[in-house]
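*Asks:* Construct the entire structure; sequences and hints are all you get.
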Amino acid sequence: MYNFINKEVLNWSAFLKLKAQLSKDSRLKKFYDVGTYHDDTKLQDIEFVALDFETTGLDPKKNSIISIGLVPFNLKRIYCNQAKSWFINPKDKLQEDSIIIHGITHSDLKGAPDLRRILDQLLEQLAGKVVVVHYRNIERPFLDLHLRALFKEGIVFPVVDTMQIESNIQRKLAAGFFNRLRGKKPASIRLGQSRTRYNLPTYQPHDALTDAIATAELLQAQVGYHFSPDTPIKDLWL
Amino acid sequence: MDVELLEIQDFISQYAPFDELPEEALAEVVQSVEISYFRANTTIIDFKDEISELYMIRSGIVELFRRNGNLYNRLDQGQLFGQMGLLTNNKVRFPAKTTKDTLLYCIPAVVFYDLCERFESFADFVEAEDSTRLKQAVESNSDDANALTTSKVKKLITREPLIVPVDTSVQAVAQMMAEEYQSAALINDPSIDDSEGNNLVGLISEHDLCAKVIAAGLSIDSPVSEVMSTELISLDHNAYIFEAMLMMLRNNVHHLPILKNKKPIGLIEVSDIIRYESQNSLLFVSSIFQQQSPEDLALLSKQLKDCFVRMVNEDANSHMVGRAMSEIGRSFKQRLLELAEEQFGPAPIPYCFLALGSMARDEQLMVTDQDNAIILDNSYDAAVHGEYFEKLSHFVCDGLAACGYIYCTGDIMATNPEFRKTQTEWEECFASWIDNPNPKALLNCNIFFDLTGVYGRIKWAEHLNAFILRRAKKNNRFLACLARNALNRKPPLGFFKDFVMESDGRHNNSINLKRRGTAPLADLIRVHALAIGSQSQNSFDRLEDIIEAGILPKSKGADLQHAMELISLVRLRHQALDIESDIEPDNNIEPENMSDFERRNLKDAFLVLSNAQNFLKYRYSATL
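Residue numbers (the numbering used here), protein chains in the order written: chain A, 376 to 613; chain B, 40 to 663.
It should be emphasised that the hints constitute simulated quantities derived from the structure, not laboratory data.
No incorrect hints appear here.
Simulated DEER-style distance windows between Cβ atoms:
(1) R157/B with P488/A: 32 to 40 Å
(2) F86/B with D495/A: 46 to 54 Å
(3) D88/B with D495/A: 39 to 47 Å
(4) E528/A with E43/B: 28 to 36 Å
(5) S603/A with D88/B: 19 to 27 Å
(6) N653/B with A502/A: 57 to 65 Å
(7) R157/B with A502/A: 35 to 43 Å
(8) R106/B with P488/A: 50 to 58 Å
(9) K609/A with T127/B: 42 to 50 Å
Per the computed footprint, the stretches of chain A lying under chain B, defined by three or more beta-carbons under 8 Å from a beta-carbon of chain B, are:
(10) 445 to 455
(11) 578 to 591
Glycine residues also receive a C-beta, built at the ideal position from the N, C-alpha and C atoms.
*Replies:* Next up, the structure:
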């Protein structure tokens with residue numbers, strides 16, 4: 376199967392227009408219709424939405440989403456008053472070891488809606504905005520595969536990956552002959568450790584909404600340190 | 040759908056004024072938050088910008104500046120800024136800049152106004168800036184502390200109650216009351232079995248005898264049962280004194296029988312409660328005069344700490360404590376002088392022993408050095424009398440040192456022959472200080488401008504004070520010199536983390552609250568007091584005079600009173616805490632040992648002091 380998830384789309388705006396024409400599902404068509412920013416749009420003019428999923432495992436083919444947290448933001452503000460979070464009833468069994476990670480138990484999920492029931496709301500929140508995640512191999516593929524399973528049609532959208540940004544920066548810092556000589560290794564790029572480098576506070580991890588807010592804060596800090604409000608979005612999105 | 044913003048809620052709810060909000064109001068705040076990240080050294084808001092939010096620091100450090108660019112405040116985690124702008128004209132009043140990477144929670148103005156409207160505690164907190172908050176702090180404190188909340192009513196009982204049988208005649212009861220100096224008696228009925236309780240049936244007071252017997256023309260042979268009050272209200276001996284007070288007020292009675300295991304063990308009256316406050320120190324004073332040697336006095340002085348702690352715990356008014364401690368200090372001096380005269384014989388010529396400085400101002404606390412001097416009769420002849428006063432001074436000063444009043448480091452003590460002068464010499468000395476002032480010479484002599492007679496010809500001290508006032512009042516050059524000295528010791532800006540923050544941004548680990556707080560306050564109050572010719576010595580009394588004279592800008596006098604009270608309160612409370620934890624008390628306080636309340640309010644008090652110093656400079660410097 377042709378998998379475009381890891382492929383970098385060259386022109387996201389044009390690509391989503393095309394998707395809008397090809398899409399058969401009305402919900403997805405509506406989502407693509409909103410479109411996205413032009414490649415050269417400055418970061419300061421972009422509305423982002425930070426997104427985080429807690430899942431039953433790391434494999435989107437076998438595991439399910441159990442909670443979703445999102446918060447809209449821009450370079451100036453993170454809008455907690457527009458934050459959303461949902462518990463999702465997973466298709467597979469909740470594994471004991473994943474309970475240990477995210478602390479979500481069976482009783483939390485009792486009566487939680489099926490992904491289908493909240494999909495409209497979720498897509499409405501994401502439409503037109505640039506999605507920001509920390510580690511892009513969770514949210515986009517999980518959502519894509521879940522939708523394929525439900526409607527026979529996947530989803531695609533540009534994301535900014537704060538982990539990739541951090542990885543690039545750290546690799547750059549650790550690069551160079553002398554650093555290699557000294558055995559300098561790139562620092563950890565996990566969310567918590569990355570935040571510490573920007574003097575952001577430590578949060579309790581593995582609550583979807585908390586992680587989404589933490590990711591939004593991290594992007595604000597990364598832009599503050601390494602980019603400028605005038606940087607075009609094409610430099611960041613994947 | 041309700042979103043749980045766990046981290047934000049946990050954070051905000053820890054800090055004033057949000058910590059006092061009910062849960063649902065807190066939830067509304069949390070839901071309204073917008074987060075914003077600022078790198079170190081960036082401007083968050085600029086002077087006169089429009090302001091539409093309250094800012095709370097989630098992490099990082101923010102500095103606020105005055106219009107002239109001076110640092111106004113440095114804030115960290117959990118602290119707020121922007122409220123002044125929101126409350127006044129929606130313009131930024133203090134520009135804010137980050138000095139470290141900072142994450143801010145921004146709370147929209149509508150939410151802020153709504154909270155101010157709905158919650159008084161919130162409004163009080165954000166509206167109170169500087170002097171207002173200080174005033175609130177001092178007032179709410181004295182409310183708490185004055186309530187006699189910590190002492191039990193059994194402490195008030197000094198003797199057994201007078202109990203008479205119910206068939207006694209009113210005359211016989213009156214006679215017994217007169218003999219025992221009791222203003223009331225309890226009445227019992229011996230025929231009632233008291234094995235399970237008591238057999239009290241009534242109470243009779245002087246007022247009853249007056250109103251129901253004499254005024255009503257009742258026969259003095261009538262049984263007491265005819266006039267006694269039968270609605271007996273009593274209290275267990277373990278109740279608190281304030282409960283006794285409440286009970287008397289609520290029932291409009293002036294006497295309360297105190298019961299232990301339901302048996303009466305005492306009868307207290309309103310005046311017992313009133314007397315209670317001063318009793319501790321009065322008792323201490325009376326035992327000073329029973330001691331027969333400096334050694335005995337030194338032994339007794341060890342109890343002074345307990346007495347001090349008790350006063351602080353029972354009554355936090357610094358004026359009262361200062362007065363009591365000064366009274367005790369004077370008593371030590373007086374008793375030592377009596378003992379000295381017993382040992383060396385009566386003085387060959389009249390003299391007056393002086394207390395200077397804080398003791399003269401009635402502002403002594405626990406840690407204090409002795410400052411004293413002697414006025415000698417004009418007939419003094421060093422060759423004849425010198426040795427006597429030399430011995431007397433050493434006896435007293437050594438005795439005081441043994442009692443914990445350490446020797447004055449500036450050697451301002453009667454043992455220094457320079458400070459044993461005749462009446463005329465003292466007047467000449469003060470005249471020269473006042474007429475030819477020189478800031479350096481006055482630096483150490485400041486202390487002489489608070490003086491009081493302790494022993495001997497006390498009137499002489501009053502005469503000397505009157506002389507000083509007459510001379511100083513109109514002498515602008517002298518006042519300017521004194522004012523300049525009063526500006527030598529400046530208060531710090533405030534606190535930051537566990538440091539004292541100086542106005543140039545430097546940090547210190549601790550602060551001497553006497554040197555940096557009460558002393559400069561007393562200094563500046565003294566200048567005003569001399570300028571208006573106030574006869575008072577105590578700083579609070581002087582302030583009253585100063586306010587009445589109308590030389591301070593409106594309400595600034597009251598601000599100074601509150602600042603003085605607050606700094607003194609913190610000082611004496613920390614001394615009491617030191618004593619209670621077996622640490623030698625001092626005037627140094629480490630910010631890490633301060634409560635948030637103390638930090639906030641001390642900062643406000645320092646600001647009042649700093650502004651008052653600026654005013655002093657302006658008012659008395661023109662003529663220098």
